[in-house]
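S.K.: Protein chains in written order, with our numbering: chain S, 9 to 211; chain F, 17 to 355.
Rather than coming from a laboratory, the hints here were simulated on the basis of the structure.
None of the values given here were measured: they were computed from a predicted structure.
We put the beta carbon where it would ideally sit given N, CA and C, even for glycine.
Be careful, since some hints might not be right.
[Claimed, not checked] Ranges between beta-carbon positions, derived for each pair:
(1) F/L351 with S/A99: 22 to 28 Å
(2) S/Y188 with F/S322: 39 to 45 Å
(3) F/L351 with S/F174: 43 to 49 Å
(4) S/S161 with F/R334: 40 to 46 Å
(5) F/L351 with S/E163: 38 to 44 Å
(6) F/L351 with S/A198: 45 to 51 Å
[To be verified] Reference excerpt, derived from the structure (chain F facing chain S, CB under 7 Å, subset only):
(7) P27
(8) D30
(9) V135
[What the hints assert, rightly or not] Straight-line Cα separation of at most 27 Å, DSS-like style, residue types lysine-lysine; simulated pairs:
(10) F/K23 with S/K193
(11) S/K177 with S/K190
(12) S/K44 with F/K204
(13) F/K23 with S/K192
(14) S/K190 with F/K23
(15) S/K44 with F/K319
(16) F/K212 with F/K223
One letter stands for each residue in the lines below.
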Amino acid sequence: MEVDAASLARESDRELARRAATGDRRAQHELFAQQKTSVHRALFRILGNNRDIEDLVQDSFIAIFRALPSYRAESALTRWCLTITTRVAFAYISRRKPASVDLALVEEIVPGDVDVQRHALAREAARRLYAALDRIEPKHRIAFALAKIDGRSLEEVAEMTESSLFAVKTRVWRARKTLYAKAKKDPVLAEYLDEFAEGGEHE
Amino acid sequence: MSNDKDKLGPPAIDPLSNAAWSRIERGVFDRIDAGETVNAPPSAPSRLKWPWLVVPLVVAAAAAAAVLLVRTPTTPHDVVGTRVVQPTDEPSRVVAGDTSSSVSFGDAHLTLAPRAAIVMDHEGDAPSVMIDRGSTTFEVAPRNGRPAFIVRAADVVVRVVGTRFTVARSDERVDVSVDHGIVDVQYKAQVTRVTKGQHWSSDEPTKTAIVAPSEATLPVETKTPVEDTPADETPVEKTPPSEKPSAKPSASTITDRERFDQLSAMEATSPKVAIDGYLVLANSRSTWAPVALYAAGRLATDKNDSRAKSLLEQYLKRFPGGANAADARDLLDHLGASR
Numbered sequence: 009m010e011v012d013a014a015s016l017a018r019e020s021d022r023e024l025a026r027r028a029a030t031g032d033r034r035a036q037h038e039l040f041a042q043q044k045t046s047v048h049r050a051l052f053r054i055l056g057n058n059r060d061i062e063d064l065v066q067d068s069f070i071a072i073f074r075a076l077p078s079y080r081a082e083s084a085l086t087r088w089c090l091t092i093t094t095r096v097a098f099a100y101i102s103r104r105k106p107a108s109v110d111l112a113l114v115e116e117i118v119p120g121d122v123d124v125q126r127h128a129l130a131r132e133a134a135r136r137l138y139a140a141l142d143r144i145e146p147k148h149r150i151a152f153a154l155a156k157i158d159g160r161s162l163e164e165v166a167e168m169t170e171s172s173l174f175a176v177k178t179r180v181w182r183a184r185k186t187l188y189a190k191a192k193k194d195p196v197l198a199e200y201l202d203e204f205a206e207g208g209e210h211e
Numbered sequence: 017m018s019n020d021k022d023k024l025g026p027p028a029i030d031p032l033s034n035a036a037w038s039r040i041e042r043g044v045f046d047r048i049d050a051g052e053t054v055n056a057p058p059s060a061p062s063r064l065k066w067p068w069l070v071v072p073l074v075v076a077a078a079a080a081a082a083v084l085l086v087r088t089p090t091t092p093h094d095v096v097g098t099r100v101v102q103p104t105d106e107p108s109r110v111v112a113g114d115t116s117s118s119v120s121f122g123d124a125h126l127t128l129a130p131r132a133a134i135v136m137d138h139e140g141d142a143p144s145v146m147i148d149r150g151s152t153t154f155e156v157a158p159r160n161g162r163p164a165f166i167v168r169a170a171d172v173v174v175r176v177v178g179t180r181f182t183v184a185r186s187d188e189r190v191d192v193s194v195d196h197g198i199v200d201v202q203y204k205a206q207v208t209r210v211t212k213g214q215h216w217s218s219d220e221p222t223k224t225a226i227v228a229p230s231e232a233t234l235p236v237e238t239k240t241p242v243e244d245t246p247a248d249e250t251p252v253e254k255t256p257p258s259e260k261p262s263a264k265p266s267a268s269t270i271t272d273r274e275r276f277d278q279l280s281a282m283e284a285t286s287p288k289v290a291i292d293g294y295l296v297l298a299n300s301r302s303t304w305a306p307v308a309l310y311a312a313g314r315l316a317t318d319k320n321d322s323r324a325k326s327l328l329e330q331y332l333k334r335f336p337g338g339a340n341a342a343d344a345r346d347l348l349d350h351l352g353a354s355r
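Next up, chain S with everything else stripped away, as it sits in the complex:
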């Protein structure tokens, strides 16, 4: 039954892609609506904020629509769209200059509701994590963001980044090593990184 459901889904993907590729506006809107959340999620995980994300989501969909005639339904449409999205993100990270962030600046957490404090602390930790990610190799960053922060399997990341499993493992390992080196003077980041060191990956 699972096989039937999967092949039905794949056939549905193929048909939607075919109609969208031919310029069927309704199919294009349907594809956009179907994929927009996962495209945004992948970009957000890689970038860490929504600053330039509107342009990147647009660029991703333009690239997706451009590539649709080549879709052969060899993988699910969502996975295929994410592969293109990851390419767009890689190109963006590779050409931009990292923003200047003072990692030594420790944010003051005001007394108040515990949940509010945790939320603020989480935001601050995430900000430091992405500030550090800004300074490592784009390929390492993407592998780490997708595998460790977003929790995707290494196999899935390998497909999204069009790389071998070995390459992805190596990139995640190197990213962690570099991030820990950068976190030596930043206990907030070091502690936060510990969360992503777990999870059973075997670098």
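Assemble the complex: chain S is given as a structure, and chain F must be docked to it using the hints.
M.R.: Using the frame of chain S, we list chain F on its own:
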């Protein structure tokens, strides 16, 4: 952080507002319309995998051209032309120019407000129209047992059995006004029946409001939501912030969250009004005050509004540990760098 309960977890994904998604969607399809996608160009035969598809594109272009060129307008809001689209001409995209346009689709008559865009198609045997943007008035002949006429706009589906009505789309907001007859409006699995003289809005999907008889027969352009017409922003901006909720009949009863969502939806079309609205919310005792103040600062930054820096600094002063404090600092850094 050895215990699971002490873990902060992966960073939360900040959702995009409906207004942002509307901007993105519009941007994507505007770029496609501008030819940015590689859609089997005629000069590259090897890429022309479905040659028969050229036909609908040509028809769409011809329909748009016919709508824009058939007749010279006598006044700025006159209908400029009429074109009959046969059922085989699907799907056809029609874009109105700077004046109203008219198109026939089978035995239905459609009037597009200036700059409105629609796609005419069929869903099975049922004629259907998808509204890309703007306002369109429909005169649909009684179906007499034929499939209902279907209109789609964002998440809203209108099914018609014979009537005259207007559907206006402004980003994700959709308004339906019925002049004659009855329509069923489906929105997020809920169906609302809208009858003669009534108005329905996706902002308040469970309600229908009575439209005054004289208003029900006004031209299409006057029913376009305020956010659609930049010229309307000026008088609204001059209204004291505390009076703005009166712009909507039920605004005094809506929750702060609903108010926030309304303002978010207005960002693309009326950013200054949205900023003022956020500030009203920010100066209240609402739990939405922090996020509203940040939203005002973020939007002001986005729109190069001179208040941006001051608003972000106010946010950080009032809510130094706020959920958006890091973002506010980033924006201030960005403002500092761009000066």
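S.K.: Please go over all the hints and tell whether each is borne out by the structure.
M.R.: Structure-based check of each hint:
{"no.": "1", "hint": "F/L351 with S/A99: 22 to 28 Å", "result": "holds (27 Å)"}
{"no.": "2", "hint": "S/Y188 with F/S322: 39 to 45 Å", "result": "holds (44 Å)"}
{"no.": "3", "hint": "F/L351 with S/F174: 43 to 49 Å", "result": "holds (44 Å)"}
{"no.": "4", "hint": "S/S161 with F/R334: 40 to 46 Å", "result": "holds (43 Å)"}
{"no.": "5", "hint": "F/L351 with S/E163: 38 to 44 Å", "result": "holds (43 Å)"}
{"no.": "6", "hint": "F/L351 with S/A198: 45 to 51 Å", "result": "violated (31 Å)"}
{"no.": "7", "hint": "P27", "result": "holds (3 Å)"}
{"no.": "8", "hint": "D30", "result": "holds (5 Å)"}
{"no.": "9", "hint": "V135", "result": "holds (5 Å)"}
{"no.": "10", "hint": "F/K23 with S/K193", "result": "holds (21 Å)"}
{"no.": "11", "hint": "S/K177 with S/K190", "result": "holds (20 Å)"}
{"no.": "12", "hint": "S/K44 with F/K204", "result": "holds (18 Å)"}
{"no.": "13", "hint": "F/K23 with S/K192", "result": "holds (20 Å)"}
{"no.": "14", "hint": "S/K190 with F/K23", "result": "holds (21 Å)"}
{"no.": "15", "hint": "S/K44 with F/K319", "result": "holds (25 Å)"}
{"no.": "16", "hint": "F/K212 with F/K223", "result": "holds (15 Å)"}
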